[in-house]
Structure formats: C-alpha cells, structure tokens
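Just so you know, the protein sequences line up as chains A and B, in that order.
Numbering follows the working numbering, in which position 201 of the first sequence is assigned residue number 594; successive positions increment by one, without gaps.
Numbering follows the working numbering, in which position 300 of the second sequence is assigned residue number 693; successive positions increment by one, without gaps.
Hints were generated in silico from the structure; no laboratory data involved.
One or more hints might be untrue.
Copies of one chain are not kept apart here, so a pair can be met inside one copy or by any two copies together.
No farther apart than 25 Å at their CA atoms in a straight line, the calculated lysine-lysine pairs in the BS3-like style are these [what the hints assert, rightly or not]: (1) Lys571 / Lys667; (2) Lys520 / Lys712; (3) Lys684 / Lys571; (4) Lys523 / Lys714.
No experiment lies behind these values; they were computed from the predicted model shown.
There are 2 protein chains.
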Amino acid sequence: MKEVTVGIDIGGTNTKMGLVDRDGSVLLQGNIKTTAFSEFRDFFDGMASTLRGLLKDLPADHQLMGIGVGAANGNYYTGNIEHATNLRWKGILPLAKMFREEFHVPCILTNDANAAAVGEMVYGNAKTMKNFVVITLGTGLGSGFVCGGVLLNGHHGIAGEVGHTSVNPTGRYCNCGKRGCLETYVSATGIKRTVYKLLADHLEPSELRGISFDNLNTKMITEAAHRGDIVAKEAFEYTGRILGMKLAETVVHTDPEAIFLFGGLSLAGDLIFKPTIRHMEANLMPLFRGKIKILSSALQNQAAPILGASSLVWDYFEKQKMEIA
Amino acid sequence: MKEVTVGIDIGGTNTKMGLVDRDGSVLLQGNIKTTAFSEFRDFFDGMASTLRGLLKDLPADHQLMGIGVGAANGNYYTGNIEHATNLRWKGILPLAKMFREEFHVPCILTNDANAAAVGEMVYGNAKTMKNFVVITLGTGLGSGFVCGGVLLNGHHGIAGEVGHTSVNPTGRYCNCGKRGCLETYVSATGIKRTVYKLLADHLEPSELRGISFDNLNTKMITEAAHRGDIVAKEAFEYTGRILGMKLAETVVHTDPEAIFLFGGLSLAGDLIFKPTIRHMEANLMPLFRGKIKILSSALQNQAAPILGASSLVWDYFEKQKMEIA
Chain A
394 MKEVTVGIDI GGTNTKMGLV DRDGSVLLQG NIKTTAFSEF RDFFDGMAST LRGLLKDLPA
454 DHQLMGIGVG AANGNYYTGN IEHATNLRWK GILPLAKMFR EEFHVPCILT NDANAAAVGE
514 MVYGNAKTMK NFVVITLGTG LGSGFVCGGV LLNGHHGIAG EVGHTSVNPT GRYCNCGKRG
574 CLETYVSATG IKRTVYKLLA DHLEPSELRG ISFDNLNTKM ITEAAHRGDI VAKEAFEYTG
634 RILGMKLAET VVHTDPEAIF LFGGLSLAGD LIFKPTIRHM EANLMPLFRG KIKILSSALQ
694 NQAAPILGAS SLVWDYFEKQ KMEIA
Chain B
394 MKEVTVGIDI GGTNTKMGLV DRDGSVLLQG NIKTTAFSEF RDFFDGMAST LRGLLKDLPA
454 DHQLMGIGVG AANGNYYTGN IEHATNLRWK GILPLAKMFR EEFHVPCILT NDANAAAVGE
514 MVYGNAKTMK NFVVITLGTG LGSGFVCGGV LLNGHHGIAG EVGHTSVNPT GRYCNCGKRG
574 CLETYVSATG IKRTVYKLLA DHLEPSELRG ISFDNLNTKM ITEAAHRGDI VAKEAFEYTG
634 RILGMKLAET VVHTDPEAIF LFGGLSLAGD LIFKPTIRHM EANLMPLFRG KIKILSSALQ
694 NQAAPILGAS SLVWDYFEKQ KMEIA
C-alpha cells in the first residue's frame, strides 16, 4: 500500500484540504468556505464530506495514515481549537477528537505557523536542520520553533507567539487586546498600516495615494516599490528594520541555525530580506553575528499550508518510531 | 560503589568545586582564585590539583562518574570556553578535553545559567517540570531554557542569552558591545546603576547617598528598601518593571510552566517578585495571562553553582540511557 496523509488548513475565510504522499506531492485537493457555516458542527460535517469525496477518488492501493490540521489557536496537546479570534465559533472546539471518531485514524492539530515549521522540516529547506524558526507573514505574524529536531510546543501547547512581542507599548492596536505587537507592524496588514502612516506623515507623491486601505495589498506595495515609489520602498525599509530588530531578540533565546520567512510579504525578496538582515545583524549580540541565516521557505506556493498540515502526521509517526526504538 | 560527580563553577574571581552525590549533597568542597593565574594551563593545573586533593579524602567505595563545569561562554557542544569576556584568557579554551585527558571520565561544560537550569531539574523545584526557564541574577543576567525536558542548547551551543535582548537601543553601555541590554538594568550591577540614576535624577534624601558605587551592593539596597528608603524601593520597582516587561516576551517564545529567579537580586523576595509579576502580567499576550508561575529557585545557597554544574553529569547519563533504550 502507498501511504497518504490528509493536510487541512483552516483559515478565517477558506478551508483547504489535500491528500499528500510521502514526497510532498498533493494528489487531490478540495476546499470549503469557513465562513459559510454558522454552527461548528455543520462546518465539521462540511469538511468531513469534502474529505470523503476526495478519498473516493483515491486509488484503492493507497492507505490513509492520518489527518493533520493547521489552524490559528490550534493546541497540539489537547487537539482543540481554543478561543480563536479569527473564527466565528467561540470557546473550545474539540476538532482532533471529532476527526478521529469520524475517520478512525490519528488526527494531529497545531497552529498554522507550527504546521509550517514541521512542513519545512519534512518537505522543505530545513530537512537537514535541527534548530530553526519559521516566521509566517500573512494577515498576522506567526512563528514556529524547532529545537533539537523537535517542534517546540511549550507547557500549555501555545509556544511561538512571537507576533505578540512588543515593538512599542503605546503603539498600534492589536487584535490580541494589547498595543504595539510585532504583527501590527510586520505582516500583510502591518505593512499596509505603515504605508498609510507614511502617506499621512510625508508629502512625497506616491501611486499608493490613489488606493483605499481596504483595496491595498502587499502585491501592490511590492510592485510600486519595484517601480521606484518612495513611499512603498520606505514601507519595506521600515518593516524590515522592525523585523530585524525583533529577530535579534528571538535569536538570543533559541540560537537557531536559520530563520525562514514564509508568506506574501516574504515574496518581495530583497525588498524585505535586505533591511531585515541588516537590522538583525546590527542589533545582534556580537557573539551571534554572521552566524544566523535568513532564508526563504521552500514551500512558497498555494499548497504550502496543506503540506505543512499533512507533515504533522509523518512527524507523529517518526516520534512513535523513536519512542518504540 | 556510591556514585559521585564533580561540580565546578568557574567565576571571574573565584572558582569553586565540590564532590556531589546523587541526592545533591555536597560531600567535599574546595576553591581557588581564578584571577591568580596568568596562563590558562596553570589555572587548569590548579583546578586539577585541588580536585585530586578532594578525591584523596573521598572514601574508597565512592566512584567518580564525571565532571560538570559551569562557566560564562561555556559551549556544551564543543566543550570549549569561547571568547569569555569575564576571564583573562582569550580565545578558545578546550577545557572539557583537558579534564577528560587528566581524569578519564566524561566532562560536560555549559554556561553557568544552563548549569543552573539543569540543577533545578535534577535537584531543585523543577523536578516534575518539562518546560521552564531559569534566570540567574548575578553580575550579569543569565538564562537557561528547558523545553520538553531537554536543555535548549541551540545550533551553535549558545542559546539562552536573554540578558542581551534590548530594553533601549540607546540605553546603558553593555560589556557585550551593545547598548541597552536587559542585563544592564536587571542584575546586581544593573540595580546599582539604577540607584545611581535615581540619585542623580531626584532630590529625595536616601541613605544610599553616602555609599560609593564600588561599595554599593544588592544586600545594602535590599536592606535600605526594607527600612523604607524611597530611592531603594523605587530601584526595585524600576528593576521589576523592566524584568516583567521582558519576561512577557520570553514567555511567548517558549511557553514555560514557570520561570525561576536565582541569585542575589532574587533574595530580595517581594521587593523584586511583586513588580516583576505585575508587569509581566500587564505586558503578556492575554492568551498567556495567569498561566505562568514566577518562582524562587530551590538552590539559593552558596553551593548552588556547584550543584548545577555537577547535575550536568547526571543529565548526561540520563540522556545516554534514553539513547540506548
């Protein structure tokens, strides 16, 4: 039998799933709208029915090994989604238990950035690494730590919330209830806020003055910067400065071999990598300078969240083997 | 045979060593002056001869299992002391290799804060914990992380330098070459600098106005605060505020069950614990609030650095057992 895992990425708007083989090829894919269900049970039934549809199309010689799920506020230890701010269902949602009862295979849940970190280790650029960090730059800023070859989960299952370290205690309002968190500056939303701040503070002409906050996105800012737009270029410099400064603090905590940047903002290439590296080095304790690589994730495509989630299952079986051996 | 380990604590001024049994009792102790030797080889010979002296007094039914050494800039992977700023011998000092050649037992070296963390796990208040942090408050601020029951060493063997995260990039000068590092505010030296800043800024009478910088120490500041001295009390409040703010950032990295405070400054009790806890909670991402314990180390005595260093050997054999099993 060929072995396959299911990877499910639950986002605030869309939920994507796929059947993935051991090499990281996505054999079949499906998706449903997260926002279309007012009850969590109905949302679960929607996922289960989509998954059964995919499994019907899977050749009979393929065995389903398990289900991996990445979701904001997904807790690895409990298998619950806990108090997610980006979903309409509040409280504790016992997702892993529901999947196990329905499909009778292991179900491993973690937050989306942890899933990305395991994905990088299983399929990506961190295959040979034991100590690294993945920073996901999406609507917010997520982070996943691998230390000594093991995903860092922490005592309560919620390690890796670097997006909520402080840049400025009296700074921008954050969804978490605090002010000045890193993700309010460094994320797809953060750079939009920075563009609007720069447009407010300065007089320079900019093509971005014609775009509303709701319509503005990272791709537009990137393209404007490539065309030489001063405000767009300055927005990347500002974002990279703050990211570099804060990564210098993350580095002295866990001493990683590399930090991978993942997601929309990281696709801007040198525009974001150059200031990030420069300011990280300038702010690093000298002992660490020149030692830490800032790299692009190998999973920079649409299927990445599915791959990351599916990799949780392979990682689970690896751990089982280690415990038995 | 009863098993004993050697614990050696190499400080900038004194080097202490002891023979320690499995329960953490120090059977015999000795020490030499670190500063008395201009050549590193002579310092090593001094340590070796002191150790041979202790071993002579050890009953014949005790077996020497190994030597654990805690030293600033001690690298767990290489067994070298690397570019220590607090020692007179520069460059790379291959200490673990020298001890192994001389005594033919395993020698495990790590930095002093990591040794304290393993000590807390082996003999102290963290015996039942898998995820915790130890903050050592001495001349500087050291930190050791245990994640998933394993000491976090990082890729280069230099994880846990939280003392060199940034409080203020244009703040106090630090020995590491940067400015505004946490340890310039939160340490025995840091609180002295704070007292002097407060004496400079304010007009309040204070018994500390009569003491020179060189003569001032944490004990004097603590006693003055207990007597109601406004400047001394404010110095603790200021120190705890900064420590609490920065611990809130450490927490969201690794999600520990507890953070242990160790060393002179932590002996001030409520004076330092109360503002630290208050400001950590106020600055924490809400998801973590009320979940993280701030505790006092169980190894608060003169022998603690020896215990911490000696525990490295027991930890080494535990790991060996896990790899063989």
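Can you list which hints this structure breaks, lowest number first?
Going through the list in order, the structure violates no hint and respects every one.
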